[in-house]
Amino acid sequence: MGLIVGVILVSAGVILFVMMPVLRGDWAAMGRSEDEVTEVDARKQAALRGLRDAEYDYRSGKIDQADYQLLKSDLSRQALGAIEEESAASIGADEGTPTDTDAKPAMSAGSDPAGDSLEAEIARVHKGIAEGRTCPGCGHLNVEESRFCTSCGGPLSGVASTVGDPASV
Amino acid sequence: MILLGELALWIALPVGIWGAVAGFVGGRKERGDLVLSAEYSVYAVFFLLILTSVGIITAFVTDSFEYWYVANYSNRELPTFYKVAGLWAGQRGSLVFWALLLSFFSSAAVFTNRAKNREFMPYVAGILLTISSFFLVVLLFADVNPFEKLPFAAADGRGLNPQLQNYWMTIHPPTLYLGFTSFTIPFAFAMSALLSGKLDTRWIVITRRWTLLSWFFLANGIIFGMRWAYEMLGWGGFWFWDPVENASLLPWLTATAFLHSIQIQENRGMLKVWNMGLVTLTFLLTIFATFLTRSGLIESVHTFAENTTIAFIFLTFMGVMAGLSALLIAWRYPLLKSENQIQSFLSRESAFLFNNLMLLGAAFSILWGTLFPLITEGLTGQAIAVGPPFFNRVNLPIGLALLALMGIGPVIAWRRASRSNLVKNFRMPVVVGLMVVGALFLRGVHHGMALLTFGLSSFVMTIIIVEFVKGTKARARIEGEGHIPAFYHLVSRNRRRWGGYIVHVGVVMIFTAFAGVAFNREVIQTVDPGETITIESPFGDKYALTYQGLSSPRGENMVRQAVALMTVERNGRPVESLTAEKRLYAKWEDSPITIVDINTGPLEDLYLILENVNDLGGAFENDAAAQRATFKVQVNVLVGWIWYGGFVVTLGGIIAMWPSRGSTTTASRSKTKTGGERPALAARS
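These protein sequence lines map, in sequence, to chains R and Y.
Residues in the first sequence are numbered from 1 upward in steps of one, following the working numbering.
Residues in the second sequence are numbered from 1 upward in steps of one, following the working numbering.
Don't read these hints as lab results, they were simulated from the structure.
Heads up, a few of these hints could be off.
Derived lysine to aspartate or glutamate pairs resembling EDC-like cross-links, with alpha carbons at most 20 Å apart [as the list claims (entries may be wrong)]:
1) Lys198/Y <-> Glu339/Y
2) Lys473/Y <-> Asp64/R
3) Lys337/Y <-> Glu522/Y
4) Lys149/Y <-> Glu231/Y
5) Lys198/Y <-> Asp26/R
6) Lys424/Y <-> Glu39/R
7) Lys29/Y <-> Asp64/R
8) Lys424/Y <-> Glu86/R
9) Lys198/Y <-> Glu231/Y
10) Lys470/Y <-> Glu481/Y
11) Lys198/Y <-> Glu30/Y
12) Lys198/Y <-> Glu39/R
13) Lys424/Y <-> Glu85/R
14) Lys473/Y <-> Glu55/R
15) Lys542/Y <-> Glu522/Y
16) Lys470/Y <-> Asp26/R
17) Lys149/Y <-> Glu30/Y
18) Lys542/Y <-> Glu589/Y
19) Lys470/Y <-> Glu86/R
20) Lys470/Y <-> Glu39/R
21) Lys198/Y <-> Glu85/R
22) Lys542/Y <-> Glu556/Y
23) Lys424/Y <-> Asp26/R
24) Lys337/Y <-> Asp67/R
25) Lys473/Y <-> Glu86/R
26) Lys470/Y <-> Glu85/R
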């Protein structure tokens, strides 16, 4: 008798539990939530991680200066592109559907799997781009501390390199 | 309780099938109610499988020998500890245990993603429940129901295989099973990404920690298995290339390849198809490992199998899953195009790619060797097994190449590395490696492969140490920190990278231990009480083992025991005595079990095996005249480094998996963008 009651209770309980959303019309969320990693976020984080690694690799003598500048310029462009894309999406969202305001202009420390130091990297990238130098030869915008144009290789006159020799680090 | 457990198994199947259908249809039609019902089904299947497992354990503990499974894997005298572990002692219970762990991880994945990554979840729930349902179908309809009753209740059971009656039984199989089952989560997300067309790197980012967790359990499970073999199986080694050992190694190899290649996708947008292929292959190999252990398809020392028909059901399932995955990848191929190309042969991408090829090469050679008896039987009617020499010959060069790549990879920069930098970075490690080889050669070590291993290990260790030192110095300079905080922040801010390096240190230690096997020594000698066996280790230690005689106590669940005592002197000074045994367990009177004893040291182990007792029957009866015995004494060189290396691998794995500050706080609490005609359920999000 006890067994029959147990069986009925378990069966009924499980069926009720599983079917409850359909019976009651409860709906699961199916879209992107506000502060999860977006595709642009993932790209930006990858670029910033690359920048950080490149800096360490350069400082520890793993890559030489020319490669570092090339890499830094390339990764900075990628990171900035992702940040601009994200900002544009955020503005568009602000002007558009109010429910989309969750796309953030910049990654929060909370969603940063590599630690909050990436936050500082963003600022560094912004600064680098903002203070970038235009090549007198080809007009290419170079990042801060560049001694040579990463596009044509021409010298950027009057710039004293502040990047130390890796051997001296 | 037992009947309730049986009933729960029957209820779980329709719930699983319903949930799988609801997940797929809900995802396709954007029906949030069906998706929610699918997710609730995941929890419900977990709950029902808990009831089933409790039912089986109850049947064991209450000696319910009317059940075939209990009657075949237990007996009245079996300690309760092993009765509880009876859940995974045989094929039938193991399948329930697999399904239980899968449903646990499925529930964890659904619960932790209840408010994020929602676009993936309908298909994730659908795929997880499809796999669970497959196991439930096998359990209920493939003649492996753990609740099958005998026509009459047996008076006592046939007992548990004595090899399983030790504490490793509760550690090694569950750890491996945790590794096998948890890899289903990355696979489910990958398939969900293919189905939903969301093929950016998010599915990798979301499942990164799951992949690491699964890899971590697999690595530990394999090392525990080696330890079990070394401590308990009584033949003096730790790895025999047994089919079941191989089956556990295969998904670990491909998961290791996957862990490296996803970094290329994350950093360079490359290898997207490759990664999809690897995640599918690894998942299929976890299923392969499960079915190989429990199907009886290939004879193995792990003789737990009893029903070969399920082998073909499993093979069909694997074939269907492989086919569907391949179709999905082909369907989404345009979205999986590489964003970049390898720019230079001298780049980290290139090193990772070689690493992948080596790992896959090892996996395929081991798979081929494992299946060879089956293939030859199919072709010629006679099964031909390939033994350890085949596996060693093929895998030794691959292992050494991987060891070298462990050193090369971290030093080479992404994209392209200049030759001058390579020379600068490799000069010191190469010199250290050569110096170690030279020093060992001068000390009398002339084994070529061992010298190469020691040389490469020193090369890799130097590189890793230099990486840590340079990284700390660079951080201290960039951030203006002291060296200790700089070291701490270096590791804590990029745990994957530095945790990974620590794992590499552990792997190097394990490789070094493997090379130590070349220097093992052994003596086999028959002695009477009072006689001494001597053996000298390669390090010059002289051991003298004096046989004191046999005694015959009777341990729990045993019929007889014959325990030989040896007093031991090292270089003339007494050290801890050793006892080696023969045991006869209840219900297994025809199979005496050998129990070894080990004096463990940092560089070498003294390992004692009681090979033979001249008059075992007399010895079991405490006959004073039946004392003559044959012993095998081994000096096993560097074997302890496997276990020390295992600890380091575990430490590195934990560091790499440890959540970053704030990374677990991403769950949204309110809004969702879109998804259905109705608003998100506030209570759930």
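Cross-check of the supplied hints:
Under the criterion of a C-alpha separation no larger than 20 Å, the hint pairing Lys198/Y with Glu339/Y is consistent with the structure, at around 16 Å. Pair hint Lys473/Y plus Asp64/R holds up; C-alpha atoms about 17 Å apart against a cutoff of 20 Å. As the CA atoms of Lys337/Y and Glu522/Y are separated by approximately 57 Å, the hinted pair breaks the 20 Å bound. Under the criterion of a C-alpha separation no larger than 20 Å, the hint pairing Lys149/Y with Glu231/Y is inconsistent with the structure, at around 37 Å.
Between Lys198/Y and Asp26/R, the direct Cα distance comes to roughly 25 Å. Violation of the 20 Å bound is thereby established for this hinted pair. For the proposed pair Lys424/Y and Glu39/R, the alpha carbon gap of about 38 Å is over 20 Å, so the pair is violated. At most 20 Å may separate the alpha-carbon atoms for a hinted pair to count; Lys29/Y and Asp64/R exceed this at roughly 54 Å. Taken as a hint, the Lys424/Y and Glu86/R pair is broken in the structure, with Cα atoms around 40 Å apart against an allowance of 20 Å.
Between Lys198/Y and Glu231/Y, the direct Cα distance comes to roughly 49 Å. Violation of the 20 Å bound is thereby established for this hinted pair. For the suggested pair Lys470/Y and Glu481/Y, the alpha carbons sit about 14 Å apart, so the restraint of at most 20 Å is met. Proposed proximity of Lys198/Y and Glu30/Y is supported: the alpha carbons are some 15 Å apart, at most 20 Å. Only pairs whose Cα atoms come within 20 Å are accepted, and Lys198/Y paired with Glu39/R is accepted, the gap being roughly 9 Å.
Distance check on the hinted pair: Lys424/Y and Glu85/R sit about 40 Å apart at the alpha-carbon level, beyond 20 Å; violated. Taking the CA atoms of Lys473/Y and Glu55/R, the gap is about 13 Å. The hint holds against a cut of 20 Å. Annotation: proposed proximity of Lys542/Y to Glu522/Y holds, straight-line Cα distance about 13 Å (limit 20 Å). For the hint pairing Lys470/Y with Asp26/R, the CA-to-CA distance comes to about 56 Å; that exceeds 20 Å, so the pair is violated.
Distance restraint check for Lys149/Y and Glu30/Y: the Cα-Cα separation of roughly 45 Å exceeds the 20 Å cut-off, and the hinted pair is therefore not satisfied. Only pairs whose Cα atoms come within 20 Å are accepted, and Lys542/Y paired with Glu589/Y is rejected, the gap being roughly 38 Å. At most 20 Å may separate the alpha-carbon atoms for a hinted pair to count; Lys470/Y and Glu86/R exceed this at roughly 35 Å. With a C-alpha separation of about 33 Å, the suggested pair Lys470/Y and Glu39/R falls outside the 20 Å cut-off, and the hint is violated.
Taken as a hint, the Lys198/Y and Glu85/R pair is honoured in the structure, with Cα atoms around 18 Å apart against an allowance of 20 Å. About 37 Å separates the Cα atoms of Lys542/Y and Glu556/Y, which puts this hinted pair outside 20 Å; it is violated. Only pairs whose Cα atoms come within 20 Å are accepted, and Lys424/Y paired with Asp26/R is rejected, the gap being roughly 64 Å. For the proposed pair Lys337/Y and Asp67/R, the alpha carbon gap of about 27 Å is over 20 Å, so the pair is violated.
For a cut-off of 20 Å, the pair hint linking Lys473/Y to Glu86/R is broken: about 35 Å separates their Cα positions. Under the criterion of a C-alpha separation no larger than 20 Å, the hint pairing Lys470/Y with Glu85/R is inconsistent with the structure, at around 36 Å.
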